[in-house]
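Peer 1: Numbering (the UniProt record's numbering), first residue to last: 1 to 309.
Read the hints as simulated data drawn from the structure, not as lab findings.
The reader is advised that the hints may include incorrect statements.
[Said to hold, decoys possible] Computed Cβ-Cβ distance ranges for the label pairs, DEER-style:
1. S188 - E33: 16 to 26 Å
2. D60 - V267: 16 to 26 Å
3. D158 - F296: 35 to 45 Å
4. N227 - E206: 30 to 40 Å
5. N79 - I136: 36 to 46 Å
6. D249 - I139: 31 to 41 Å
[Unchecked claim] With a cut-off of at most 20 Å between alpha-carbon atoms, the simulated SDA-like pairs for lysine to any residue come out as follows:
7. K122 - R98
8. K39 - L109
9. K122 - L83
10. K198 - D156
We put the beta carbon where it would ideally sit given N, CA and C, even for glycine.
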Amino acid sequence: MKSITSQVFGIRRRSLMSTSKKMKKVLRKRLPEILEEIKTAVLAFLNRGDNSSVMPGKADYKTVSGQQKQKHILSDHMNNLYLKFRSENLTIKLSYSRFCKYRPINFSLVSYATRNTCLCIKHQNMALKLRCLHNIGIINCDSPDAFVKDVTDHFDVDALFPADSGPFQYDEWSRVNTDAGQRMNIVSKSSDRASFIKLFKPQLFEFKEHVNRVRNQYHALQDLKANLPRNHMIVQMDFAENFNCKTADEVQSSYFNKCYVSLHPVVVYYKVNDTLHHKKVLHLFPMTLAITQLSFFCNQKASSNSRNY
């Protein structure tokens, strides 16, 4: 190839060889930089609130390179997250194996319906029903977020179930009456085809609206952070952990009547000289900024926030 090029263009082969060696050096030098940029993009993608959630416990951490880092739980399977990353970053060429390699050690893989953290009851109940359908071979996906992507307003739920299918054995989180009052528990249930479809159909469309609402709220928060005007502030707050209060010397009746303390961390975002800053609020402090608008974001009900904050 080099001899033909030298004959056609009149360039000496020594010049071509030296040029190719220089190009190889440039490519070898740029490749680690490109891979590091891709790795940074993958880490930022996995750290996003819609792709992973932080476990709240004090013992929920892993030691990485001598540093304690809080555990994260991925919100979906790696294959679905990879497809989502590729759809958002069309210019990045990345294989699935390298995408999995870039997952940090403190990011645990998703295991639907088996996690013991503060989960959404709508997601868990849908995951439990989809696991039932997946076990009997009606569907191929047990991920609620991935399954609901194919659900449209005209989705035929009845056609999903064969005529001879059933009965359906599934679990569901619901309130049950106990000696101590009503408690949330997993209840095993059984339904025939007609009863299961009657229950599953409204829950499926309600869950789709719930997922769309969560995504829209997350994108609205990201857009507001990116385009935060001056003298505006974002206050993001959430529940973190409950603690039991104990005394050194307590009577027997006090052992069964403990006080609880709930931690609700607050992060404040604001702009100074067109640069976005954030601050963790540990106590009340005087604000020197002239704030004209406050935007509050929290995943709890408004009635709970009015009491807690």
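Peer 1: It remains to establish, for every hint, whether it holds in the given structure.
Peer 2: Do the hints match the structure? See the list:
no., hint, in the structure
1, S188 - E33: 16 to 26 Å, "55 Å, violated"
2, D60 - V267: 16 to 26 Å, "19 Å, holds"
3, D158 - F296: 35 to 45 Å, "42 Å, holds"
4, N227 - E206: 30 to 40 Å, "32 Å, holds"
5, N79 - I136: 36 to 46 Å, "22 Å, violated"
6, D249 - I139: 31 to 41 Å, "58 Å, violated"
7, K122 - R98, "33 Å, violated"
8, K39 - L109, "18 Å, holds"
9, K122 - L83, "24 Å, violated"
10, K198 - D156, "13 Å, holds"
Consistency note: the structure conflicts with the earlier hints numbered 1, 5, 6, 7, 9.
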